[in-house]
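Chemist: Let the hints inform the model, and build the full structure from the sequences given.
Number of protein chains: 2
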Amino acid sequence: MAEFGSQERSSFIASDRVEGTAVYNPAGERLGSISRLMIGKQNGQVECAVLSFGGFLGIGNDHYPLPWRMLNYAVDKGGYVVDLDKEKLHGAPRYDLGREPEFDEAYTRALYTYYGVNPLF
Amino acid sequence: MAEFGSQERSSFIASDRVEGTAVYNPAGERLGSISRLMIGKQNGQVECAVLSFGGFLGIGNDHYPLPWRMLNYAVDKGGYVVDLDKEKLHGAPRYDLGREPEFDEAYTRALYTYYGVNPLF
Chain A
0 MAEFGSQERS SFIASDRVEG TAVYNPAGER LGSISRLMIG KQNGQVECAV LSFGGFLGIG
60 NDHYPLPWRM LNYAVDKGGY VVDLDKEKLH GAPRYDLGRE PEFDEAYTRA LYTYYGVNPL
120 F
Chain B
0 MAEFGSQERS SFIASDRVEG TAVYNPAGER LGSISRLMIG KQNGQVECAV LSFGGFLGIG
60 NDHYPLPWRM LNYAVDKGGY VVDLDKEKLH GAPRYDLGRE PEFDEAYTRA LYTYYGVNPL
120 F
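As they're listed, the protein sequences go chains A and B. Take the first sequence: its position 50, counted from the start at 1, is 49 in numbering that gives the first Met the number 0, and no numbers get skipped. Take the second sequence: its position 19, counted from the start at 1, is 18 in numbering that gives the first Met the number 0, and no numbers get skipped.
Hints may be right or wrong, so weigh each one.
Because identical chains share one entry, a pair is satisfied inside a single copy or across any pair of copies.
Below are the DMTMM-like pairs computed for lysine to aspartate or glutamate, each with C-alpha atoms no more than 25 Å apart in a straight line [as the list claims (entries may be wrong)]:
#1 40 with 86
#2 85 with 75
#3 40 with 103
#4 76 with 104
#5 40 with 75
#6 85 with 28
#7 76 with 86
#8 40 with 84
#9 40 with 104
#10 76 with 95
#11 40 with 28
#12 76 with 15
#13 40 with 15
#14 40 with 95
#15 40 with 82
The hints are simulated quantities; they were obtained by calculation from the structure and are not laboratory data.
Modeler: As structure tokens, this is what we get:
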């Protein structure tokens, strides 16, 4: 698990500290961990964080991109809590290791629609 | 060096592919590599990419946060080209390994001012 240290109190977080951080649902069940962030090259906006699980040696095989704003860091858990149950994950946009989709505007729009999240900040 | 693969043509890039990517100045000199991205927790905005060099085993000791928009990926170089010479780096905001500054709004504002970059997109 990533070490947050003093960054827990900061309004900024380092990308390599997000990667590897555990993700839980509100019931406290561990869903997996964040494997990477997808960033718009032009505007530097993190569009989604990829929740990964399964696989071998910590390299998840199941990948679920989630809108960044769905992640809420819980200090007591040392990980993110996402308002998401396994039923909602069933049917969510996902991909297998090595078979990444084209993360374009249409893809991220569909993702935000699926989770009912407003893409605008 | 990070593998970009098909992401070269995409408008999105994965955080773990940015980390480790080489940074060159326009003269083609290698300045170092990107060690991490600093992200606003609330808005998911990448405020800066940390250019690191020196140190041991690829773990740089000298860290220079750069505004994200200063990075331009050059396919032929397989790395970022930043309009920056060693003279400009001298005197730039920097920190040693393990002695991270507080990345707050004042810090990033000073950073953008130093490099003459508009923080607004």
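Chemist: Look at each hint and say if it fits the structure.
Modeler: Structure-based check of each hint:
With identical chains, the CA atoms of residue 40 and residue 86 are never at most 25 Å apart, being 32 Å at best within one copy and 27 Å at best between copies. Taking the shortest alpha-carbon separations for residue 85 and residue 75, only the intra-copy value of 22 Å comes in at or below 25 Å, while the best inter-copy value is 44 Å. Taking the shortest Cα distances, residue 40 and residue 103 sit within 25 Å of each other both inside one copy (11 Å) and across copies (23 Å). Proximity of residue 76 to residue 104 under the C-alpha cut-off of 25 Å is found in neither arrangement, the shortest distances being 33 Å within a copy and 27 Å between copies.
In this assembly of identical chains, residue 40 and residue 75 lie within 25 Å of each other by CA distance solely across copies; the values are 17 Å between and 33 Å within a copy. Taking the closest pair of Cα atoms, residue 85 and residue 28 come within 25 Å of each other only inside a single copy of the chain (10 Å); across copies the shortest separation is 50 Å, beyond that limit. In this homomeric assembly, residue 76 and residue 86 come within 25 Å of each other (Cα to Cα) only inside a single copy, at 22 Å, whereas the closest approach across copies is 45 Å. Proximity of residue 40 and residue 84 under a CA criterion of 25 Å is satisfied inter-copy only: 23 Å between copies versus 31 Å inside one chain copy.
When the C-alpha separation of residue 40 and residue 104 is checked against a cutoff of 25 Å, the pair qualifies both within a copy, at 12 Å, and between copies, at 22 Å. In this assembly of identical chains, the alpha carbons of residue 76 and residue 95 never lie at most 25 Å apart, being 27 Å within a copy and 30 Å across copies at closest. In the homo-oligomer, the alpha carbons of residue 40 and residue 28 lie at most 25 Å apart only across protomers (23 Å), although the nearest pairing inside one protomer, at 33 Å, exceeds that limit. When the C-alpha separation of residue 76 and residue 15 is checked against a cutoff of 25 Å, the pair qualifies both within a copy, at 18 Å, and between copies, at 24 Å.
Taking the closest pair of Cα atoms, residue 40 and residue 15 come within 25 Å of each other both inside a single copy (18 Å) and across two copies (14 Å). For the homomeric pair residue 40 and residue 95, the shortest alpha-carbon distance inside one copy (23 Å) is at most 25 Å, but the shortest distance between copies (27 Å) is not. When the C-alpha separation of residue 40 and residue 82 is checked against a cutoff of 25 Å, the pair qualifies only between copies, where the shortest distance is 17 Å, while the shortest distance within a copy is 28 Å.
Violated hints for the displayed structure, listed by number in ascending order: 1, 4, 10.
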